[in-house]
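Enquirer: With these hints in hand, go ahead and build the complete structure from the sequences.
Listed here are the chains, written in short residue letters.
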Amino acid sequence: MADLEELREAILNGDARRADSLTREAIAQGVEPLALINQSMVPAMDEAGRRFECEEYFVPELLLAARAMKAALEPLRPLLAATGARAAGKVVIGTVKGDLHDIGKNLVASLLEGGGFEVIDLGADVSPQKFIDAVTNSGANIVALSALLTVTMPSMRNTIEALKQAGLRDRVKVMVGGAPVTQQFADQIGADGYSENAPSAVALARRFAGSAA
Amino acid sequence: MRYQLISCEVLFREMCDAVARSPHQVDVVFLSKGLHDLGGKAMRKELQQKIDAVKAGQHDAVLMGYALCGNGLDGLVAREVPIVAPRAHDCIALLMGSRSKHAEFFEANPGTYFRSTGWLERGKSGHQLSMGADLSGTNLDELIEAYGADNGRYLYEEFTRYRANYQQLVYIESGLEPDGRFEEAARDEAAEKGWAFRKISGSLDLFRKLIHGEWPEEEFLLVPPGHRIAASYDELVIRAERDAP
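Protein chains in written order, with our numbering: chain A, 1 to 213; chain B, 214 to 458.
Just so you know, these hints were derived from the structure itself, not from any lab.
A few chain A residues facing chain B, derived, Cβ under 10 Å:
id : residue
1  : 100
2  : 102
3  : 181
For every residue, glycine included, the Cβ atom is placed at its ideal position computed from N, Cα and C.
Expert: Following this line, the structure appears as structure tokens:
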């Protein structure tokens, strides 16, 4: 029997190669893809998030865990596609106009992918129109906006306004984050959610995906 | 008048110059640039402690040697002594001499990384503890040693990806430099990262005004006792709000 605990450990330790080979072994032994995801991968990422929140893990450890998670997911993709399993949700993510900071945004994108979401990453300095185009073309149900500067935070408001004017606001949940962003600001600009750090952004997206389904 | 200045060490030389020339008696405390990397909440907590240690009867005002700094000043409360804070989003505006100059520059030159004497000699952070951390000191060998060859290389790529977003490094010259060493260090850093180098003249105006007690409403916020600083997300950057009990 494949060792699900060992896979969990490999992801948690950021050991991408080991995570990949353990997943392949498990598949060869006939372990259900969803069992692997639910019993090893999701718990591993949840634990990585918990360690980050109590400052046992920092950004590097979190990035490495997300990388190992993606490596473990890769061999499962064809199997999941064959069973008709869909992504947890589709997220359009980007750093808002005027802001070039993308480390936090990249981390959230990685963790979302690790969490089973399909992620369309628009990069940094993304105009409201680009968000609108991406939502229109992809049919995404979640939009994630990042800003690291107080001077560019108003771009978040502009992006939400633009989504409204394009008639897309009701089709998507908008989540915002970034070092200077607060819950209060999120409420002020009419975002659906705010998260303080990358792991809780994934939890928030899961809640949105659940409520949209 | 007697003021207490609470300042980020990144502004050390500029503040010291203004303090030395001030008509007022100014006590000074410099805090680690690392506070900036910890994010708004942790920064605010530390700053509030320093503010609370300033007592009425001893000092007439607390001067903040900070801009809004990632909302690190949002929510700070003036209890017994008024607080004076520059209306600016970050210290680049302080070093340039006005937030409109900074805004114009920002608009015309996206993709600019800034350096000043303080950022060069005190600005490097040792560890990537948070998302707001300065990653300019990222070192491949150190990452490989800490995380192994494969993961170390991966982290290095992740932590240096931001470089592609920038085109130039701008050194803001204060005029207080002893010689060309700072400009040279900035030039070297630009070359190492593959960015163009440019030098601009900064201004000491805002430092002088802050420390000399010239606080025009347009440039400085006066927070009376019982009020707190709030980010306003408009032209004036910050406003004072009554601190609800």
